[in-house]
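Go by the hints and put chain B onto chain A.
2 protein chains.
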Amino acid sequence: MITRENTLPVMIGPLTMGHSHDVLIQSMTNTKTTDYNATIYQINELAKAGAHLVRLAIPDKKSLEYLSEIVKQSTVPLVADIHFDHKLALGAIDAGIAKIRLNPGNIGSQDKVKEVLLAAKKKNIAIRIGVNTGSIGESQNKVDKAMQLMDEYLSFFESCQFQNTVVSLKSSDINTTITMNERFAMKYKYPLHLGITEAGFGQQAIVKSAIGIGAILLKGLGNTIRVSLTGDPVQEIHAASSILKALGINASGVNIISCPTCARTDINVEKLAREIELKTKDIKEKITIAVMGCVVNGPGEAMEADFGISGGKECGVIFAKGKIIKKVPEDQLVESLLDIIKEKK
Amino acid sequence: MITRENTLPVMIGPLTMGHSHDVLIQSMTNTKTTDYNATIYQINELAKAGAHLVRLAIPDKKSLEYLSEIVKQSTVPLVADIHFDHKLALGAIDAGIAKIRLNPGNIGSQDKVKEVLLAAKKKNIAIRIGVNTGSIGESQNKVDKAMQLMDEYLSFFESCQFQNTVVSLKSSDINTTITMNERFAMKYKYPLHLGITEAGFGQQAIVKSAIGIGAILLKGLGNTIRVSLTGDPVQEIHAASSILKALGINASGVNIISCPTCARTDINVEKLAREIELKTKDIKEKITIAVMGCVVNGPGEAMEADFGISGGKECGVIFAKGKIIKKVPEDQLVESLLDIIKEKK
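Residue numbers (this note's numbering), protein chains in the order written: chain A, 407 to 751; chain B, 407 to 751.
For reference, chain A alone in the conformation it holds in the complex (with noise of 0.2 Å):
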């Protein structure tokens, strides 16, 4: 098991952040929020999928427009995502927003960070400081310059006794982000957000991304993720919730492990597989079900499974707890097993 590090907890809306909570899921509309409908559509979408958390671009004036009724109408708290012009993150703490994400680089002045810092402590908002090594210009060394730089911003929001603060250190590249994040950890006790910027689309992206933030989570550091995939960001919160699954975080349900069949197979390991993950769906307590396909791995595995399906030859063994408890033909192992959880869970 991941010894997770205790952070500062930071509140936003009804959740904390950080200190001994769960591992935040969080992914960001593509909406324009001046169009409200598709815009709380896809609020309710990410948060029927997972989302704990869902963030908003406020590029100019007119999207602050619906944005109190947005947030009035989101089942999650909202994060407004602002660059360039502070009137925006004013606007959207007016409007209700639970968090703010800033770059106090190209807001244009520390008196107008100072004003955001002072209307967001006066109601309890959080803001994320974000720096990301490919909006840091040019520089000998990108990782020094970001760590640096986040030295500054820190001190300021604390000299202005702000500190309800989330950091988050990305880069496209893996080891960078890494480096990063770890160094942030060893100096500071503020929640990190996670995901490693620009990751592309599709498989490609969802491997680096779970690499990337994967590596961190394993160090016990990481608060909050957020899988950037070009795409619905729908499947940004699947990959999210599968990294989070593949480490144990956050766990509950059920972990099915199945292994990938070979010529010694001979039960149809995969529609097994598939068949007991839809029929388990609902159990809410953590237990991991092993689906194995022969005699090789299978009883070890099924062994340190919480239950399990070792197949033989148009049969298969049911395990429960670490012993054999029977064997029965191919096409009621499922059934079968499902009875023995239900029974022994």
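None of these hints come from the bench; they were simulated from the model.
Cβ coordinates follow ideal geometry from the N, Cα and C atoms, glycine included.
Some hints here could point you the wrong way.
Partial list, derived from the structure: chain B residues whose beta carbon lies under 8 Å from chain A [stated by the list, open to error]:
| hint | residue |
| --- | --- |
| 1 | LEU555 |
| 2 | ASN581 |
| 3 | ILE617 |
| 4 | SER664 |
| 5 | GLU676 |
Far from chain A, by Cβ distances over 10 Å, these chain B residues were calculated [what the hints assert, rightly or not]:
| hint | residue |
| --- | --- |
| 6 | PRO420 |
| 7 | TYR442 |
| 8 | ALA455 |
| 9 | GLY514 |
| 10 | ASP550 |
| 11 | ILE730 |
| 12 | ILE746 |
| 13 | LYS750 |
Frame of chain A; chain B shown alone:
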């Protein structure tokens, strides 16, 4: 960049695994070798997809029947997966297999293992010793037990002057797998075969494998990888390739980074990125192309890439080697970018 640990080199047919060589991608057929045509077809599909070597399960004597013919027809070196019966290993060696996967713990006696080692040595065949926590039985500390078994196996192999050895230490748990591989590499110089056993199927399994295998590769360890996925093994090769590409290992060809799009995006980033991927797939040089939707992260990320597009309203800017080259309408972006890549790469 990842600094990869040099290991001993191990010869697998015409390939060298380990030392400073590329990380080899492998998969395993799920056909019976008694079905000659299906097996040859699957081996070729795997090789076409990018497999450097392919493993076949040899569960019984009749599986050896067409093996020498399969070896002759295969375009990649083949590995025989042997359990329980050392005569199957001897038969596979006779049939011309390039590598054997063996768990010395289930072969019966040291004499039988020694017979395999001598036969393999005579033909310069590699052997992978595979220890999975799932098959070491009950134990207080499965990691210690696996490491102790591996010590015993290796000391026996070395006492037989056999050193053409590859090692795998696997588990269905990511942390356990990482720990075993790290501990092994602190003590030995044999090449490591990486994988997460019984990862499951679909995106969840790909994510789990990516995190686990990725974490070990990030430590500079690992000389061959196999992503275990329930289903068509060709998808294992795609997933393995994605892992190596995400980490810039074995790198050649085009790496596309693209932003996740948001309300600030005025160009169709996904369509552009997919079109560029398709039209640059034959480029063998290692280049990075950034496809960015807006002016916030766009110019910075595009500057870090070798080539890039950063979108505006119905138009975009093309970057090359850190400099803006020109501004063109959206419908000419791809063509202009390809012209510039051709000219400057």
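Consistency of the hints with the structure:
1. At its closest, the beta carbon of LEU555(B) sits 13 Å from a beta carbon of chain A; the interface hint therefore is violated under the 8 Å criterion.
2. Annotation: interface hint on ASN581(B) holds; nearest CB of chain A at approximately 7 Å, less than 8 Å.
3. The interface hint given for ILE617(B) is met, as the beta carbon of that residue sits about 3 Å from the closest beta carbon of chain A, less than 8 Å.
4. Residue-level restraint check for SER664(B) holds (minimum Cβ-Cβ distance to chain A is 5 Å; threshold 8 Å).
5. Nearest Cβ of chain A to the Cβ of GLU676(B): about 5 Å, under the 8 Å cut. The hint holds.
6. No Cβ of chain A approaches the Cβ of PRO420(B) within 10 Å, the least distance being about 24 Å, so the stated non-interface status holds.
7. Distance check on TYR442(B): its Cβ is at least 12 Å (rounded) from any Cβ of chain A, clearing the 10 Å threshold; non-interface status holds.
8. Interface exclusion of ALA455(B) from chain A stands, the closest Cβ pair being 13 Å apart, more than 10 Å.
9. Chain A leaves GLY514(B) outside its interface by the beta-carbon criterion, the shortest separation being 15 Å against a cut-off of 10 Å.
10. At roughly 16 Å, the least C-beta separation between ASP550(B) and chain A is larger than 10 Å, which holds for a residue marked as non-interface.
11. Here ILE730(B) stays apart from chain A, with its beta-carbon at least about 14 Å from theirs, past the 10 Å limit.
12. Against chain A, the non-interface label of ILE746(B) holds: every CB pair exceeds 10 Å, the least being about 20 Å.
13. Every CB of chain A lies more than 10 Å from the CB of LYS750(B), the least distance being 19 Å, so the non-interface label holds.
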